[in-house]
Amino acid sequence: MINININKPLHGSAGVMDLKVNLEIKSGDFVALSGQSGSGKTTLLRILAGLEEAKGTVQVQEEFWLKEKFCLSPQKRKIGFVFQDYALFPNMSVEDNLLYVCKDYALAKHLLEMTNLSELAKRMPNSLSGGQKQRVSLCRAMMNRPQLLLLDEPLSALDPAMRTKLQSEILTLHKEFGTTTIMVSHDPSEMYRLSNRVIVLSNGKVINDGSAKEVLLKTKGSQKFSFEGELLDIIKVDVIHIAIIAIGQQLVEVVIGSHEAKDLVIGQSISVSTKAFSPTIQGL
Amino acid sequence: MIEILKTLEWTPFLISFKLALITTLILFFISLPLAWYLSQTRSKVKPILEALTALPIVLPPSVLGFYILWALSFNSPIGQFFDEVFGIKLVFNFTGLVVASCFYSLPFMVQPLQSGFQSINRNMLEASYISGKSQFQTLFKVALPNIKPALLTAIIVTFAHTVGEFGVVLMVGGSIPDQTKVASVAIYEFVEVMDYTHAHIYSGIMLVLSFLTLLGVYIFNRTQNSKFTGIHS
Numbered sequence: 001m002i003n004i005n006i007n008k009p010l011h012g013s014a015g016v017m018d019l020k021v022n023l024e025i026k027s028g029d030f031v032a033l034s035g036q037s038g039s040g041k042t043t044l045l046r047i048l049a050g051l052e053e054a055k056g057t058v059q060v061q062e063e064f065w066l067k068e069k070f071c072l073s074p075q076k077r078k079i080g081f082v083f084q085d086y087a088l089f090p091n092m093s094v095e096d097n098l099l100y101v102c103k104d105y106a107l108a109k110h111l112l113e114m115t116n117l118s119e120l121a122k123r124m125p126n127s128l129s130g131g132q133k134q135r136v137s138l139c140r141a142m143m144n145r146p147q148l149l150l151l152d153e154p155l156s157a158l159d160p161a162m163r164t165k166l167q168s169e170i171l172t173l174h175k176e177f178g179t180t181t182i183m184v185s186h187d188p189s190e191m192y193r194l195s196n197r198v199i200v201l202s203n204g205k206v207i208n209d210g211s212a213k214e215v216l217l218k219t220k221g222s223q224k225f226s227f228e229g230e231l232l233d234i235i236k237v238d239v240i241h242i243a244i245i246a247i248g249q250q251l252v253e254v255v256i257g258s259h260e261a262k263d264l265v266i267g268q269s270i271s272v273s274t275k276a277f278s279p280t281i282q283g284l
Numbered sequence: 001m002i003e004i005l006k007t008l009e010w011t012p013f014l015i016s017f018k019l020a021l022i023t024t025l026i027l028f029f030i031s032l033p034l035a036w037y038l039s040q041t042r043s044k045v046k047p048i049l050e051a052l053t054a055l056p057i058v059l060p061p062s063v064l065g066f067y068i069l070w071a072l073s074f075n076s077p078i079g080q081f082f083d084e085v086f087g088i089k090l091v092f093n094f095t096g097l098v099v100a101s102c103f104y105s106l107p108f109m110v111q112p113l114q115s116g117f118q119s120i121n122r123n124m125l126e127a128s129y130i131s132g133k134s135q136f137q138t139l140f141k142v143a144l145p146n147i148k149p150a151l152l153t154a155i156i157v158t159f160a161h162t163v164g165e166f167g168v169v170l171m172v173g174g175s176i177p178d179q180t181k182v183a184s185v186a187i188y189e190f191v192e193v194m195d196y197t198h199a200h201i202y203s204g205i206m207l208v209l210s211f212l213t214l215l216g217v218y219i220f221n222r223t224q225n226s227k228f229t230g231i232h233s
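First to last, the sequence lines map onto chains C and Z. Position 129, counted from 1, in the first sequence is what this note's numbering calls 129; the numbers after and before it change by one each time, with no gaps. Position 33, counted from 1, in the second sequence is what this note's numbering calls 33; the numbers after and before it change by one each time, with no gaps.
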């Protein structure tokens with residue numbers, strides 16, 4: 001069990017705000033941390049890692065990591081941290097990056113095998129692709145068998161295919177090592193696939209907390225389906241209006257009435273949903 | 001020409017290079033913790049320390065030389081202390097030159113190291129701390145190996161700058177042959193007595209050596225920069 005009750009003033013784009021978080025996380029949970037940029041996600045992760053100071057308490061099992069004046073140094077917390085920009089040591093080979101953490105050759109070999117990196121063990125980080133670098137970084141984070149694994153948008157710089165592949169590797173590692181994992185993410189499908197709990201931060205406060213399904217699914221009441229998107233344009237054709245909407249990477253046209261067209265502003269975030277008919281789903 | 005080279009007095013060069021070598025060595029060990037501290041701290045003392053370190057760049061060597069002479073002379077408490085306790089005299093001998101050179105060349109060692117440390121991706125250092133490694137281990141295993149160009153620049157520039165020293169050396173060391181007469185002072189004295197032949201030969205040697213040293217640094221840095229990408233440039 002991890003108890004977090006912290007408070008720290010943040011200097012965001014909207015002036016000073018308080019990061020105020022009170023959470024209880026069960027051991028073995030996979031928590032996805034979401035929210036707009038500047039909402040305090042990374043800061044929360046850094047406080048848990050001991051890289052930033054804060055007021056309050058952080059308790060992991062029976063041990064206090066943060067309590068009043070006492071702050072356990074990052075060296076003594078059993079954590080793994082994966083940075084968005086990999087942060088590998090460029091002067092060491094892939095293998096040495098892992099062994100730098102601890103000289104457990106068997107574990108290093110096992111991790112490299114699990115992530116298909118065995119053949120790259122002697123290579124220098126510079127010569128690797130982004131996906132390979134992030135895998136090395138993930139392996140390095142597991143080398144001290146962390147109680148708590150912290151992932152700060154680990155996959156956001158990678159292409160979708162590589163993401164899916166790494167997501168399953170993260171999940172495998174999470175399960176095999178029995179760590180408690182907290183991952184900052186913006187990708188709903190990623191959060192749904194990996195986490196059993198999603199926490200949404202806004203301006204330093206928790207505004208939503210629940211299972212991935214409860215938090216992420218946008219359909220309400222009798223809605224059959226619902227998408228969030230951005231209104232790109234409204235075109236008038238005879239008596240009807242057609243709204244062009246970007247949903248994820250796709251553009252769709254939706255016929256709307258003239259009343260609706262008046263209330264909508266181009267560029268605004270909108271949700272598109274329907275109740276009346278059953279959508280059909282076909283495999284591609 | 002060959003005849004002159006054969007009879008040339010090489011001692012001033014030897015003293016110059018010996019002085020530069022010892023100064024560089026001492027400064028490396030003093031500057032490493034100082035530069036590391038300056039690059040990592042957010043303390044309010046930082047600007048004060050930075051200003052103090054940079055002073056020798058701005059001060060005329062005669063001012064620096066005067067203060068060092070005044071502080072280390074037999075009449076000052078520091079000079080007396082060293083004389084009585086260790087039996088070391090700090091002015092008008094080689095030891096005094098080393099002390100003065102260390103003050104004079106300090107910024108040339110600290111500044112490249114500090115900016116090298118500052119250019120390292122912070123996440124990389126944090127990754128090392130999270131891996132359970134102390135600041136000391138992080139400094140030697142992660143930070144230093146990744147700032148090789150800055151490290152080399154610091155060492156070579158400090159060395160070259162000490163070889164090129166004139167004002168401080170003249171004031172603190174005097175110009176005692178075989179003891180404190182370095183190459184730059186020797187050239188000055190040749191010009192003073194209008195011995196332009198020797199002045200030319202000495203100056204020519206200094207010019208060629210300095211150029212070769214700097215050329216070596218820049219060639220090394222070019223190959224290093226293309227090797228590393230862990231550094232934000």
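One should not assume that every hint holds.
Said to hold, decoys possible - Derived BS3-like pairs (lysine-lysine); straight-line CA-CA distance at most 30 Å:
id: 1; chain 1: C; residue 1: 76; chain 2: Z; residue 2: 44
id: 2; chain 1: Z; residue 1: 148; chain 2: C; residue 2: 8
id: 3; chain 1: C; residue 1: 78; chain 2: C; residue 2: 8
id: 4; chain 1: C; residue 1: 224; chain 2: C; residue 2: 262
id: 5; chain 1: C; residue 1: 67; chain 2: C; residue 2: 26
id: 6; chain 1: Z; residue 1: 133; chain 2: C; residue 2: 175
id: 7; chain 1: Z; residue 1: 148; chain 2: Z; residue 2: 133
id: 8; chain 1: C; residue 1: 76; chain 2: Z; residue 2: 141
Unchecked claim - Computed footprint of chain C on chain Z, listed as stretches where at least three residues anywhere in the stretch have a Cβ under 8 Å from a Cβ of chain C:
id: 9; region: 60-71
id: 10; region: 131-141
No wet-lab data here; the hints were simulated from the structure. For every residue, glycine included, the Cβ atom is placed at its ideal position computed from N, Cα and C.
* Of all the hints given earlier, name the ones this structure violates by number, lowest first. => 2, 9
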